[in-house]
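Asker: As a plain string of letters, each chain reads:
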Amino acid sequence: MDYFLHIFIMVNIYIILCVSTHLLVGMGNLISMGQAAFYGIGAYFSSFLLISCHFSFVPILIIISCINALFSLFISLPSLRLKGDYFVLASMGFQLITFTVLYNWISVTKGPYGISGIPSPIIWGSVKVEGIVGFVVLSSIIMILVTYLQYQLIYSPFGRILKALREDEITLISLGRNILYFKVFTFMLSAVFMAWGGFIYASYITYIDPSSFDLRESIFILAAVLIGGTGNIKGPILGAVFVIVLPEILRFIGLPDSIAASGRQIIYGMALIIFMRFRPKGIAGVFSFE
Amino acid sequence: MGIEHFVYQPLVKKGGALNSILISSIGVMIILINLIAIIFGNETQVISNEISNILHWYNTIITYNQIIQLIVSLIIISTFMIVLKYSSFGLAIRALRDDAILTDVFGYNIKRFRLALFAISGILVSISSNLVSIDVGFDPYIGMPMLLNTIVALTIGGIGTFNAAILGGYLLGLTQSIAVYFFDTKWENAITFIILLFILIIRPQGISGEKQRNI
Numbered sequence: 090m091d092y093f094l095h096i097f098i099m100v101n102i103y104i105i106l107c108v109s110t111h112l113l114v115g116m117g118n119l120i121s122m123g124q125a126a127f128y129g130i131g132a133y134f135s136s137f138l139l140i141s142c143h144f145s146f147v148p149i150l151i152i153i154s155c156i157n158a159l160f161s162l163f164i165s166l167p168s169l170r171l172k173g174d175y176f177v178l179a180s181m182g183f184q185l186i187t188f189t190v191l192y193n194w195i196s197v198t199k200g201p202y203g204i205s206g207i208p209s210p211i212i213w214g215s216v217k218v219e220g221i222v223g224f225v226v227l228s229s230i231i232m233i234l235v236t237y238l239q240y241q242l243i244y245s246p247f248g249r250i251l252k253a254l255r256e257d258e259i260t261l262i263s264l265g266r267n268i269l270y271f272k273v274f275t276f277m278l279s280a281v282f283m284a285w286g287g288f289i290y291a292s293y294i295t296y297i298d299p300s301s302f303d304l305r306e307s308i309f310i311l312a313a314v315l316i317g318g319t320g321n322i323k324g325p326i327l328g329a330v331f332v333i334v335l336p337e338i339l340r341f342i343g344l345p346d347s348i349a350a351s352g353r354q355i356i357y358g359m360a361l362i363i364f365m366r367f368r369p370k371g372i373a374g375v376f377s378f379e
Numbered sequence: 649m650g651i652e653h654f655v656y657q658p659l660v661k662k663g664g665a666l667n668s669i670l671i672s673s674i675g676v677m678i679i680l681i682n683l684i685a686i687i688f689g690n691e692t693q694v695i696s697n698e699i700s701n702i703l704h705w706y707n708t709i710i711t712y713n714q715i716i717q718l719i720v721s722l723i724i725i726s727t728f729m730i731v732l733k734y735s736s737f738g739l740a741i742r743a744l745r746d747d748a749i750l751t752d753v754f755g756y757n758i759k760r761f762r763l764a765l766f767a768i769s770g771i772l773v774s775i776s777s778n779l780v781s782i783d784v785g786f787d788p789y790i791g792m793p794m795l796l797n798t799i800v801a802l803t804i805g806g807i808g809t810f811n812a813a814i815l816g817g818y819l820l821g822l823t824q825s826i827a828v829y830f831f832d833t834k835w836e837n838a839i840t841f842i843i844l845l846f847i848l849i850i851r852p853q854g855i856s857g858e859k860q861r862n863i
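Line order of the protein sequences matches chains E and H. Read the first sequence against my numbering and you will find it ends at 379, with the numbers running on by one and no gaps. Read the second sequence against my numbering and you will find it ends at 863, with the numbers running on by one and no gaps.
These aren't lab readings, by the way, just hints derived from the structure by calculation.
Every beta carbon over 10 Å from chain E, so not counted as near; a handful from chain H, in silico:
hint	residue
1	I716
2	Q717
3	L732
4	Y734
5	I741
6	F754
7	N757
8	F810
9	L822
10	I826
Listed next, the stretches of chain E that the computed footprint assigns to chain H, with coverage defined by at least 3 CB atoms under 8 Å from CB atoms of chain H:
hint	region
11	177–183
12	350–356
13	359–366
Computed spacing ranges between beta-carbons, pair by pair:
hint	chain 1	residue 1	chain 2	residue 2	range
14	E	S196	H	T823	25 to 33 Å
15	E	F367	H	K733	41 to 49 Å
16	E	V273	H	T823	23 to 31 Å
17	E	P201	H	L739	50 to 58 Å
18	H	D746	E	F367	29 to 37 Å
19	H	K733	E	L339	46 to 54 Å
20	H	I710	E	F93	57 to 65 Å
21	E	I372	H	A764	31 to 39 Å
22	E	R340	H	R760	42 to 50 Å
Heads up, the beta-carbon is just placed ideally off N, CA and C, and yes, glycines get one too.
Can you make the complete structure from the sequences, with help from the hints?
Answerer: If you want it as structure tokens, here you go:
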């Protein structure tokens, strides 16, 4: 039973990550390889706050949101002026710099040794998150909150401007909108929600190390969003469920252990290629990369 | 070449944007790396276990393997530059880069040229990876960091011309080595990417490329 609850919590975490990435990649058409870096920054800062200061839940959320917003400004302001392909490179550069710093700055982040023994968050001073059921409840609440916020964002005037941005940027400029502002703001929003996912991940697994937040993870989140589909709220949710549940189902097929991990990666690679070729909209999306 | 034919060409025909091709190529890379890992195993392989012979020259120590690396790469680079500048094949490739549609109009078979280019780049990459493997050994996962270094080198040099890529490669190599001399080796990757970000902010078209800035 715990196994299914664990999968449920991971699905919740990845739904949070995917809908946040979808705001940037699906709605804004800004492919970013740096999403796992924000996920990691959120996880690391929330573990610092949880371990050293025993903050409670809401203050931690606010603090890591501000920190991630600052980091996102640091990368987005210079690179969003560049044409699409160069922005991908800049985001990849940011991802790798963040990973190298997390990995090598051992005095602060303990590098490859990781940070262990992260306590559970405290809500409202006396209610503590107990055991796996507590995390099921917590992650579901946060997931519903984030999904609701993203839903409102997608179907709001802001979302319509993002749609216009992705379809025809030049017309939007000619209509007088400041598209740099919108791109920077979208990037900041997606970074903030990635931090929330990182917070839940850190306190649930109680151990984090830099290898969970590397380029491979960025590609994984991107793949989940693209496979699920872009343009509406169902897409990234389905994508997150797909990429989390599929390996668990494959576990029962019985690939030998030595090739299981590589085999899983091969299936992701093939899924990427097949979806780009035959269904660029993804499973449930409305927008394909044209 | 099979990959180009089966994966990329259909996307181009369907009018897919650069983004789909990028993502498909990431998929291809993931599949290939993991296939190699499955077939050949995950451990680092070495070609020979002996201690290499060295050349001792004042304070510098170079292994014989590295001398071979140097000579072979110089030969290849100069051959390539000569071919690109003076042969008709090189001329056609440069025309393809400048304006693909016009080259098609003039009667050159673009698909075949693209396939040939893929083949040539495959050959060059395999030569360079052989050179490196003789020196330090290899495992299925060395491709990614090398690819990233390549991307940074290309961006620094500028994407337009071949000479720019060579210039970028040399600059990046030198800067990396100098930076590692002053800071710790473990920051090597971070320094590489800080250089990348720096160049992207200051001069996104690289040292001798075309203008790429927008807004």
